[in-house]
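Engineer: Sequences and hints are given; from them, build the entire structure.
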Amino acid sequence: MRKYEIVFIFHPDLEEDRLKKRIEDVEKYIVSQKGKTGKIKDAIREKLPYPIKKSSEGLYVIFDFEMPPTAIDELRKKFLKDENILRYTVIKK
0 MRKYEIVFIF HPDLEEDRLK KRIEDVEKYI VSQKGKTGKI KDAIREKLPY PIKKSSEGLY
60 VIFDFEMPPT AIDELRKKFL KDENILRYTV IKK
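If you read the sequence shown in numbering that gives the first Met the number 0, its first letter stands for residue 0, the second for the next number, and so on.
Calculated directly from the structure, the hints in this document are not laboratory data.
Mixed in with the good hints there might be a few duds.
Claimed, not checked - Pair by pair, the computed Cβ-Cβ distance ranges are:
hint	residue 1	residue 2	range
1	72	20	30 to 36 angstroms
2	79	31	25 to 31 angstroms
3	78	15	35 to 41 angstroms
4	75	45	19 to 25 angstroms
5	12	92	28 to 34 angstroms
Remember, it's a predicted structure, so these values are computed and weren't measured experimentally.
Every residue, glycine too, gets a C-beta built ideally from N, C-alpha and C.
Structural biologist: Following this line, the structure appears as structure tokens:
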């Protein structure tokens with residue numbers, strides 16, 4: 000298993016309960032792939048360096064986890080389908 004970090008930028012209008020649901024969904028997927036979730040930093044509202052999908056602000060969430068490398072592609076596909084995620088990046092640690 001490899002260690003990863005995901006940095007999400009969520010749409011700024013996303014309600015707190017829906018944001019928590021999105022994060023829980025990611026945690027469930029990681030656990031279902033025999034991974035382990037780690038530290039999750041609370042959402043921080045920040046001004047974006049440039050507009051993304053007509054938004055000038057975003058909610059940044061940083062998430063540490065461990066997961067087999069073979070499951071990362073499927074996780075990325077899930078993120079692409081979510082219209083509330085403006086951007087994300089997965090970083091190997």
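Engineer: Hint by hint, say whether it matches the structure.
Structural biologist: Hint check:
Under the hint 30 to 36 angstroms, the C-beta atoms of residue 72 and residue 20, about 23 angstroms apart, miss the expected range. Range check, residue 79 to residue 31: about 19 angstroms between beta-carbon atoms, so the 25 to 31 angstroms window is missed. Residue 78 and residue 15 have their C-beta atoms about 20 angstroms apart, which leaves the hinted 35 to 41 angstroms range violated. Between residue 75 and residue 45 the beta carbon distance is about 23 angstroms. The supplied range of 19 to 25 angstroms therefore holds.
The given range of 28 to 34 angstroms is respected by residue 12 and residue 92, whose C-beta atoms sit roughly 31 angstroms from each other.
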